[in-house]
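Undergrad: Sequence:
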Amino acid sequence: MTKKSPISVDKIQFCDYYLDQVNDLSSMDKFHYDDRRDFIKHEFFGGIAVKVEINNIRYDKGARREVSFRLIDMTSRCQAAILRKRINLAKEDFKEDFVHFPAESSGLKGGHTYKLVVSDENVSQTLAEEFIHVYDYPLGRYYNVCNCGVRPAWEDNLYKSLNTIDDHDYYLRFNLTTKTPSIHPTIMPELELRLHYPDGKYVKTYFKEPRCFGLENFNNDIWSVEFPFTTFGDVNGVFYAELLCMNLPIAGFVFDTMSGTDIKGKCDPEYIIPLDEYSPEAAIKRIDNYLPHRNESESEFDDDDFDKVLDKFIASELENSTDEVEESIEYDTEDATTNEDTTTNEEESEPLVSLDHLTGIKSAKEKLALYERVVRFNKMRADNGLPYVNAPLHAMFLGSPGTGKTTVAKLMGEMLRRAGVLSQGHVVIKERATLLGQNYNSESEKTLQALEEAQGGILFIDEAYQLYQGDDPRDPGKFVIETLMTALADESNRDWMLILAGYPDNMMKMLKMNPGFKSRIPDSNIYVFDDYTEQELMEIAENYLTSNHYSLSDEARSALAKRVNIDYLHRDKNFGNARYIINMIQTDILPAMARRVTSAETFDCKTLTEILPCDIPSRDTTPARHSESRQRIGFTI
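Using numbering that gives the first Met the number 0, read the sequence shown as starting at 0 and increasing by one per residue.
It should be emphasised that the hints constitute simulated quantities derived from the structure, not laboratory data.
Using 30 Å as the maximum straight-line C-alpha spacing, the simulated BS3-like pairs for lysine-lysine come out as follows:
no., residue 1, residue 2
1, K445, K508
2, K94, K429
3, K94, K114
4, K445, K94
5, K429, K364
6, K50, K203
7, K94, K50
8, K50, K2
9, K378, K517
10, K445, K10
11, K40, K10
12, K60, K50
13, K50, K108
14, K366, K511
15, K511, K361
16, K203, K94
17, K50, K40
18, K94, K3
19, K561, K364
20, K2, K94
21, K108, K10
22, K477, K511
23, K94, K84
24, K50, K445
25, K361, K378
26, K84, K50
27, K429, K366
28, K477, K429
29, K572, K511
30, K517, K366
31, K366, K508
Label-pair ranges, simulated between beta-carbon atoms:
no., residue 1, residue 2, range
32, G575, R595, 21 to 31 Å
33, R85, A432, 27 to 37 Å
34, P151, A432, 40 to 50 Å
35, K2, E95, 20 to 30 Å
For each residue, glycine too, the CB sits at the ideal point set by N, CA and C.
Go ahead and model the full structure; you've got the sequences and the hints to work with.
TA: The structure is reproduced here in structure tokens:
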């Protein structure tokens, strides 16, 4: 009787990545939550990453399986590459796993179709199959956009302005021709439309192949893509529609659903810009000229938006700091070497992660560098069949907000993943508010959920000292601590790490009052993150502006240094360090620059990138943050 696999594959998602993104492929935000299957092989193409959702369909026990991921070249009729992974699932559990196929070593070729086959090797059963297509022509050879606009459901005319307050159905239409008439559009890359709503946050995405509407259009070789959308009374205003092909924009236009005046849009199919250079700031500047009613007051910049900006900056720093250690890929070649476990001395001497790019925090970097050597030494012994003593995992990060504690936690997770200590290396960030339950004594359940989420990675508890309220015997935080202590005592589960972070004085007080933490977090794993100096804050500002294609004039640099000096001398316990300097750039400097540039009659590339002294606010004239929200149009900065 043939055995049936106890696991199933419920979802497979693909994402192409650039050569400089290989260091962060397991990050969720790298994947588009859609069903794209067409990818273009350009000069920066790094490969194809795959996210697979695997479920344990057993209801009574867990599953431990050997799962293979085979990439079959359907055009050449051969196997391109294969990856194998060990999957461990609790009963009725599921997990999202990540694999990637580098373009060079996997032999991904333009003009080829590939099939991904996911199999349970224990029972030789195929779990799922999906097809993808890789194209190698420059994007401009595929489609040429003729015109675009909004079409009411009851007529064929295209508009870029409407006047509606009721619910109505409309279509976004892009008319186009193929640049290669011999190739039928149905076998060309699919097209994607992104509709950015007036609230600045919601984006709707569609995927479609071109169609021909009417015999006249067929004879003229004019094809169209249409995407439906509906206006509502409370969702009206300025929209922005983009047409993309394989993640690259080829046309776009602005339209207004509350105006009788036509709004000119941008539709330039010859000018193709990768999305990482196609910033929301540029889009706002492009539509500002058509919005005379726009509120000139300072923009509201809430904490969620800022955290996303800061996380993006940190992620870009991490991408530039680490060298990818490729997963083991087996190739279907006759001369493949049999001793795959052999590593060179040069590879073993390379650090698992680099800390040189981090600004400041000298003490923490020195201690982490030593810890990295211990972990790497253990890996070298294990690779050569020698026993080793496990390095203590759990740690405490002492420092003020904005000193890089979260950044270092992510680096540590990546380091431990590469060393084989942690299976995934991701970081789950929690705080007191997210660990307390709705009912008294339900904190254990919330904490167990956090521990489960952090399996294979790091549970990072920010401002952890708030969990301990010694003067309140009924404080629910004690249940969180008790649950953490139980998990820390389980020596059989070393596939997770706990990092407690917060202000130095408060954290040391908590450590003294909880001997259980003291016994499991040795002094060698207590890292001190010093506040940044004025010079280091200026370095962070320069790096952030450069990464976003801005520059400081000499006079502006002096003005910013003067402002930082004044704020630094008046800093208190809540001084934000890196958060402070990036927050100033986002909420004060860039809005001031935007007002200056958009008020000028002419501008050039230098005007759009160079920050002047007048854009740097003085301490005494810093505009107050408005508590009320303002109307958001198209995008948010």
